[in-house]
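Engineer: Chain residues, written in single-letter form:
There are 6 protein chains.
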Amino acid sequence: MAVAETTRSRLAAVSTATLTTVLFKRGLRNTFMQGVRAINPDAPRMVGPAYTLRYIPAREDLDHLGVFTDRSHPQRKGVEECPPGHVFVIDSRRNPAAASAGGILVTRLWKRGVAGIVTDGGFRDTPHIARLPFPAYHAAPAAPTNLIRHHAVDLNAPIACGEVPVYPGDIIVGDGEGVVVIPQQIADEVAVEAFEQTLFEDFVQEKVEEGRSIFGIYPHSGEALEEFARWREKSKR
Amino acid sequence: MAVAETTRSRLAAVSTATLTTVLFKRGLRNTFMQGVRAINPDAPRMVGPAYTLRYIPAREDLDHLGVFTDRSHPQRKGVEECPPGHVFVIDSRRNPAAASAGGILVTRLWKRGVAGIVTDGGFRDTPHIARLPFPAYHAAPAAPTNLIRHHAVDLNAPIACGEVPVYPGDIIVGDGEGVVVIPQQIADEVAVEAFEQTLFEDFVQEKVEEGRSIFGIYPHSGEALEEFARWREKSKR
Amino acid sequence: MAVAETTRSRLAAVSTATLTTVLFKRGLRNTFMQGVRAINPDAPRMVGPAYTLRYIPAREDLDHLGVFTDRSHPQRKGVEECPPGHVFVIDSRRNPAAASAGGILVTRLWKRGVAGIVTDGGFRDTPHIARLPFPAYHAAPAAPTNLIRHHAVDLNAPIACGEVPVYPGDIIVGDGEGVVVIPQQIADEVAVEAFEQTLFEDFVQEKVEEGRSIFGIYPHSGEALEEFARWREKSKR
Amino acid sequence: MAVAETTRSRLAAVSTATLTTVLFKRGLRNTFMQGVRAINPDAPRMVGPAYTLRYIPAREDLDHLGVFTDRSHPQRKGVEECPPGHVFVIDSRRNPAAASAGGILVTRLWKRGVAGIVTDGGFRDTPHIARLPFPAYHAAPAAPTNLIRHHAVDLNAPIACGEVPVYPGDIIVGDGEGVVVIPQQIADEVAVEAFEQTLFEDFVQEKVEEGRSIFGIYPHSGEALEEFARWREKSKR
Amino acid sequence: MAVAETTRSRLAAVSTATLTTVLFKRGLRNTFMQGVRAINPDAPRMVGPAYTLRYIPAREDLDHLGVFTDRSHPQRKGVEECPPGHVFVIDSRRNPAAASAGGILVTRLWKRGVAGIVTDGGFRDTPHIARLPFPAYHAAPAAPTNLIRHHAVDLNAPIACGEVPVYPGDIIVGDGEGVVVIPQQIADEVAVEAFEQTLFEDFVQEKVEEGRSIFGIYPHSGEALEEFARWREKSKR
Amino acid sequence: MAVAETTRSRLAAVSTATLTTVLFKRGLRNTFMQGVRAINPDAPRMVGPAYTLRYIPAREDLDHLGVFTDRSHPQRKGVEECPPGHVFVIDSRRNPAAASAGGILVTRLWKRGVAGIVTDGGFRDTPHIARLPFPAYHAAPAAPTNLIRHHAVDLNAPIACGEVPVYPGDIIVGDGEGVVVIPQQIADEVAVEAFEQTLFEDFVQEKVEEGRSIFGIYPHSGEALEEFARWREKSKR
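Taken in sequence, the protein lines are chains A, B, C, D, E and F. One gets this note's numbering by counting positions in the first sequence from 1 and adding 303 to each. One gets this note's numbering by counting positions in the second sequence from 1 and adding 303 to each. One gets this note's numbering by counting positions in the third sequence from 1 and adding 303 to each. One gets this note's numbering by counting positions in the fourth sequence from 1 and adding 303 to each. One gets this note's numbering by counting positions in the fifth sequence from 1 and adding 303 to each. One gets this note's numbering by counting positions in the sixth sequence from 1 and adding 303 to each.
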């Protein structure tokens, strides 16, 4: 279920914007999480298979501070068991009224080698999380403990996050723009195509910065492809 | 997991408003589904244990019309397997952009003796559903087939519905006002208390309709309780 | 602070739509409550000066069932003290997660001769309220007791309701479309003008139903005014 | 640009739910207007080509009561020029804070033989409109005159309505559930297919009402198709 | 009504996240303002008793530029009278369509020694406010003058802010995450407990950064408490 | 249709907050775009006449990647034809689910000398756009290509943006707070008045920073005007 290293490095070198276009060409339109943003824009790129946690609303008799002493509590268990290199993705029903996780758990994930964390709710201790070299994405800061609004119910089941479906093992990629979900079985080919497309977009970007019109190169004519081939050879990419 | 007949008949005789007060006295504040309303106000009262279906967002490669030929598809399987007397409750992430179910499936549930159906999304064929003697609750009419936005993923797992937690077996009660969720293990005692409270509220309602001030009877003083005892004896309730 | 009987009868004979136009001519644009609708379309028209109640969010240590035994609790006090002929208007911060009031209190207001009740939150016991010959307006049914979300804090202070300002004594008018707020000091002249405008609109409506084009009569040309004068004389209005 | 009579009668005999499925089979997912509902459920079915009006937000110096004296004002012009049999569709940016149209204009459209009216904002005079034998769809009642919030800017340009694209001439169909938009060039074939599909669904509905399981008939097996053929012959449809 | 200096310094040293947990232990769940964020993350911590201002919607005849010449206008009066060390908290009905206050008034509060300002609407002149060494919290920038949408009506009455109740004198604490409201009478003990809890969390954070599992220390076992005691002694905190 | 250079430089020296006040004095209340914010706070001020693009929702058969090869596609055509010095303003129905434009097109606009770009939806490639010395305003990052949700339909027609009307040629001004729209024909006089008002506000700001009360100078008394005159003379502004 791991992601191949070449795929990981390609995905870390392309933007979520480019990835959504490659996925759109395959008929997938709903791949970019709505309302989810990076806490620390200086964190490294986030790439890894999804490991999921699902919340339902809390109930006062079930959700009290005592629950965390149980080592099988899904939130705590997940934080200790999410495989290194994976992305911890949380379905919080887009509700940031209570925290999906906080600074200590996020630190533990980081130290365990997890690749990043995403919720469509909110995190607490966000000023601290913003200083970690660890990618974290949420909807809004949420100081209250999760017990006030969320009950952890499942680990590694299919979930919704930011109104996008996330199946465990799907490849999650995050950059400064947001988070995209790539179905596991097409991740390798999407990575290859996005990497190629990025080269071409870099070429176009360079030409447009030199003052070129977009007509003829974006989208490209046949001539532009030849020019691109020369540019690519010259720039050794 | 069935609900005792005395409990069922008591719950069918009290309002969701009274039930939320009895639950509030036990510390439960979040028991009334938000944004969910009755399609047919003339349908019978809805009382029964929850049987749940969970949707996540659809994905174009997985959710096409062919999926329904699979008899293990959770939506179709659930419609045939939900036990008679139970309430079919659907987590649709409060999204009515596509149907949670339609007229044929709702008819099948009704004919199978199911007690009612609830979604926090929407139903299709609502003009037809509105004419069935079967309680159905949703957020808004939703003509498009569920495949456009919803992927059925789980049967009988804990879910969110109208931002209330629903555990399979919880007792679901619906009236003309909306839907309340009662934790299974306290349903009997809640039914008893709500039934008693309803008697008292009927007494108060009668007195207020006769022109009495609410002071002294709502909430009640000791004297009002004596008067209520006489009223109850006289009205043989 | 009462409303003159002639003004009351004129306001009961015109629509909220016409009233908003007359108010717009005086520079008032924000007079129709947003998101507030009639529970019982068969209730009589609602006309009367505003008597207001303001809620802020509840706090668990302050808002428990014991508070209602205090006769000075603003919600209960207001229900007993709102003058007959007035409209009870509640600022619930547009939040229908808990009830602004319920069937017993609404019945008490009705029996006391109050002219109607409005909240921008929700009522509980709405199936019962819908059967009373008493105008009640809200955003959505709300079974839970107000204590879960609302704390009554003020009587007869200026409030917001449906994002419209309501000053105590402002004239509140409700019909099957919704609720409009008329500043107290211009209510008499607004009533006169709206009554006249309604006559003209009835004339136009009749002509349009006969097949006439709107050009020339809506808005009116000089000729149309003459025709209207003859129509009015003939129809003795 | 008119719709063929056979197509019109077929579309009047099928539901918006069935139509969205037929459109989904052609790859069109976004065809049902969000948040738009029928004012009068007893009105006849609405079928006709779209004639569109677009609003942008009002500006105080441009949008005063005097504008309606201008016969070229798009709202008034459109009401007089919308061809009989067409549906008048209004882009109100999903904003019901002011009326898209009112009772007199709706009456005029009805008398002129227009097939119906739709806005994703609101109408004024809705109690009156609800009594007309004329299909009207909106988001919420809106008493204030359109000038307070809307400026009519275009007639018969492509618009958004309920977040669905509407091109002039697209076939608009409304039933008790809501409104669907059919691209003009496929309307005839969609009508044929939906009519056929409705027959089959009527057959399934009848069988399910008789107690049949959905498995084998919904979706259908080969045997079910043979049974359907016999049913169809027998019921002469 | 002032806050004790020891309490103030403790509250300035703990996070809003920790405070919400301490308040949750006392049964208070709704203490963190929703949708309110810091304008200047570099400003000092905000701690102080609440001094409140309440807005209702504006009305064109009452809310014109002339109102500010009146020295008793609540907004202007409040800015001059809010006691030093207090936090100026504004109920703007979560509406950022017009400013709750602007750069000059915020500067005046800062110079007068006020501890900070909070609105659940928006401020104008936010680029300027962001450069002041003064904590300011809002929902979104709002260039238009408050008169366009807000009417100042009350000083120092109980209000809602971010859907949290705020009573004058409640202790308001803000950090980079957001704003929490502490009931006045428990502020001292909450400060003590939060300060102690912060020490323990710092210990846990340090251990987790060293690579320790959360099991055993978060939440703590008995052994962890002993280890914490040694750590505390050693680090002299 | 160009903006005079003196007007441009005055508008670049005043804040959007001041401009909304000057427009409010002329009766214009709805001039500040709701929900639209700067991507790069370090970009220069944005001032220029509006050049507009309108999107309606996409339709799968019309909106595929092939459309961009058509040089008359409104989005691409607009990017090449928007006059230098103008602001490119896009009506995206406040929907950031797909991009209104991306990094390459924004770069092209910048290189062509366009003054800035605004959408009430979202841009893609926002990390790149944030580094350009070019003012760009949107609601939220939106990685997916516009085809997924938007269909470009009009160039230079009146549009809505952030629920403000924008007529081609209206003067658009953006600062770190947001975007204001000035009707073209009053732009010169608004610029003059705002420039003067800014001088006075700078004077007040300076005095308030020195510790002066707002009473007497904000709003100003006659004496304050004299003091301002002396200040102005001394500071040679």
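Watch out, some of these pointers could steer you wrong.
One copy or two, it doesn't matter: identical chains are merged, so the pair holds either way.
[Claimed, not checked] Capping the alpha-carbon separation at 30 Å, the derived lysine-lysine pairs in DSBU-like fashion look like this:
#1 K539 / K414
#2 K380 / K539
#3 K537 / K414
Hints in this document: simulated from the structure, not taken from any laboratory.
Engineer: All hints are to be evaluated individually against the structure, with a verdict given for each.
Structural biologist: Hint by hint, here is what the structure shows:
1. K539 / K414: between (37 Å within a copy, 27 Å between copies)
2. K380 / K539: Result: close neither inside a copy nor across copies, 47 Å intra and 33 Å inter.
3. K537 / K414: Close across copies (25 Å), not inside one copy (41 Å); limit 30 Å.
Comparing the model with each earlier hint shows a violation of hint 2 alone; every other hint is respected.
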